[in-house]
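Residue numbers (the working numbering), protein chains in the order written: chain X, 42 to 296; chain Z, 0 to 206.
It is possible that some hints are incorrect.
Mimicking EDC-like on lysine to aspartate or glutamate, the simulated pairs with C-alpha atoms at most 16 Å apart in a straight line are [unchecked claim]:
#: 1; chain 1: X; residue 1: Lys118; chain 2: Z; residue 2: Asp137
#: 2; chain 1: Z; residue 1: Lys6; chain 2: X; residue 2: Glu139
#: 3; chain 1: Z; residue 1: Lys6; chain 2: X; residue 2: Glu136
#: 4; chain 1: X; residue 1: Lys95; chain 2: Z; residue 2: Asp137
What the hints contain is simulated information worked out from the structure, not anything from laboratory work.
From a predicted model like this one, the values you see are computed outputs, not experimental measurements.
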Amino acid sequence: MIRIENIHKRYSKKGPEVLQGVDLEIPKGSLQVLLGANGSGKSTLVHIVSGIMKRNDGRVFIDDDEVTIDAYKYRIKVGYVFEQPMYVEKLTAIEQLEFVGKMYKLDKQTLSSRIEELISFFELPDDGKYIESYSKGMKSKVSLACALIHNPQYLILDEPFDGIDFVSIQAIGKLFRQMAAAGVTFFITSHQYDVIASLCDRFALLKEGKILFNTDLPDLQQRAHEFAHEAEPVKAYLESLMASGEGGKTLSWVK
Amino acid sequence: MFKFTVKYHIRTGQMYMLLSFCMMGVLMGTLIRTNMLLLIVPFLLQKTYLNVLEQGVAPLRLLRISECNIGKIYRSSNLSVMLWSTTGIAVGVMFLIIFDATSSKFEIEPMDIAMQVATFTAQSIMCLTIGNTIDNSDLRTSRWWIIRNYMPQVAYTMFAAMATSLASICALISIYAIAALCAVALVVWLLTVRQHVRINHFETFII
Numbered sequence: 042m043i044r045i046e047n048i049h050k051r052y053s054k055k056g057p058e059v060l061q062g063v064d065l066e067i068p069k070g071s072l073q074v075l076l077g078a079n080g081s082g083k084s085t086l087v088h089i090v091s092g093i094m095k096r097n098d099g100r101v102f103i104d105d106d107e108v109t110i111d112a113y114k115y116r117i118k119v120g121y122v123f124e125q126p127m128y129v130e131k132l133t134a135i136e137q138l139e140f141v142g143k144m145y146k147l148d149k150q151t152l153s154s155r156i157e158e159l160i161s162f163f164e165l166p167d168d169g170k171y172i173e174s175y176s177k178g179m180k181s182k183v184s185l186a187c188a189l190i191h192n193p194q195y196l197i198l199d200e201p202f203d204g205i206d207f208v209s210i211q212a213i214g215k216l217f218r219q220m221a222a223a224g225v226t227f228f229i230t231s232h233q234y235d236v237i238a239s240l241c242d243r244f245a246l247l248k249e250g251k252i253l254f255n256t257d258l259p260d261l262q263q264r265a266h267e268f269a270h271e272a273e274p275v276k277a278y279l280e281s282l283m284a285s286g287e288g289g290k291t292l293s294w295v296k
Numbered sequence: 000m001f002k003f004t005v006k007y008h009i010r011t012g013q014m015y016m017l018l019s020f021c022m023m024g025v026l027m028g029t030l031i032r033t034n035m036l037l038l039i040v041p042f043l044l045q046k047t048y049l050n051v052l053e054q055g056v057a058p059l060r061l062l063r064i065s066e067c068n069i070g071k072i073y074r075s076s077n078l079s080v081m082l083w084s085t086t087g088i089a090v091g092v093m094f095l096i097i098f099d100a101t102s103s104k105f106e107i108e109p110m111d112i113a114m115q116v117a118t119f120t121a122q123s124i125m126c127l128t129i130g131n132t133i134d135n136s137d138l139r140t141s142r143w144w145i146i147r148n149y150m151p152q153v154a155y156t157m158f159a160a161m162a163t164s165l166a167s168i169c170a171l172i173s174i175y176a177i178a179a180l181c182a183v184a185l186v187v188w189l190l191t192v193r194q195h196v197r198i199n200h201f202e203t204f205i206i
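The task is simple: from the sequences and hints, build the whole structure.
Here's what the structure looks like:
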């Protein structure tokens, strides 16, 4: 379980409070998504939960281990994808996976078999090209493969499907659901509402630094009843939540 | 890890810089009989010597989230730098030998070469030790951007200048003095590199 208690974050003394007492509990084996407009504090929360960013107040627990600067026990259990890349552009996908595997102290045999499987699953090139020459979607796949290599029990994914094609997303979604059924907990942020509406089972909305709601799929489906005529009412409801108050916006020079 | 660092230095072109600077240092240094020319290499390649965690293979975030011992990163990156600079010196010496064989005006003094190499090695090890220490210090995450952005370089330059002076003084005394300095610098490097295990600060300033 991931437990987030009363997180406050301010980037500067005089600046606004980006997170104003965020509380969230993510049960084991669930696919939790965090929704929010650009600049709502999603990535800040992800960085704090990952233990790479300081918080002003509050606590984060992963399996009863508190996330602190010098706590390393929980790190081996977690796989991460951040919006900003974590790969070395001058390595090939295989070399990158080998490198990350070594950082997680995987033995040689396990490492080579997992690399082989990940390369095949994500259809990554093994032609010796460096990651810098990959497309955006391929780079996202490399990040996802790196997050999965040490068989983590928790996955914290910030915009993991950025640029990835529809067919691959379906395969990844199927894998995620399989992993969740086996007890892996997911904490995802994404703007691809169609993907998350069909993939995730818990939905939280972060607005103005606070969690507005955190609910499960049946409840969300009930709330989405007004969009029952849509093919994907949950997606339509989520889109309406995110678009609220922005519908009338335009640019003065656009006729 | 060492294999990755060596590859990284090749692919990013840092190895060519080290090779060429060291080669030119040996050639020019022998021509004008001074060991000072090689000593500017750690100043010219400040990024390679100082920003190991940023430039040396592993992205900072990956280091923070994994269980990786950053001492390993420092050790392999430093050894890779030493490998490429020694290769550069070796290539320079090879050129000198060729010149020596083809020209009657030019004469190599083996002692001069030994002195240059020993002085550079001692100073280089000291600079790498200084670079590692500053790289994993609180200067990197200071609240004030001016300190965060400029102080690591300023501190490195000051300490590197001290290392250069010390190495030059020892080189002036005798080959034994510079060899002793090399040995001491190596022991200090080994001891300090073992002390770096974790990145000891949060990443406060990212969004």
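Next item on the list: Decide if the proposed pair is consistent with the structure: lysine 6(Z) and glutamate 136(X), CA atoms, cutoff 16 Å inclusive.
Entry: holds, 10 Å
Next item on the list: Quickly compare the C-alpha distance for lysine 6(Z) and glutamate 139(X) to 16 Å and report which way the hint goes.
Entry: Satisfied, since the Cα-Cα distance of roughly 14 Å is no more than 16 Å.
Check: Taking 16 Å as the top limit, are the C-alpha atoms of lysine 95(X) and aspartate 137(Z) close enough?
Finding: holds, 14 Å
Next item on the list: Quickly compare the C-alpha distance for lysine 118(X) and aspartate 137(Z) to 16 Å and report which way the hint goes.
Entry: Violated - the C-alpha atoms of aspartate 137(Z) and lysine 118(X) are around 28 Å apart, more than 16 Å.
Checked against the numbered hints given earlier, the structure breaks only hint 1 and satisfies all the rest.
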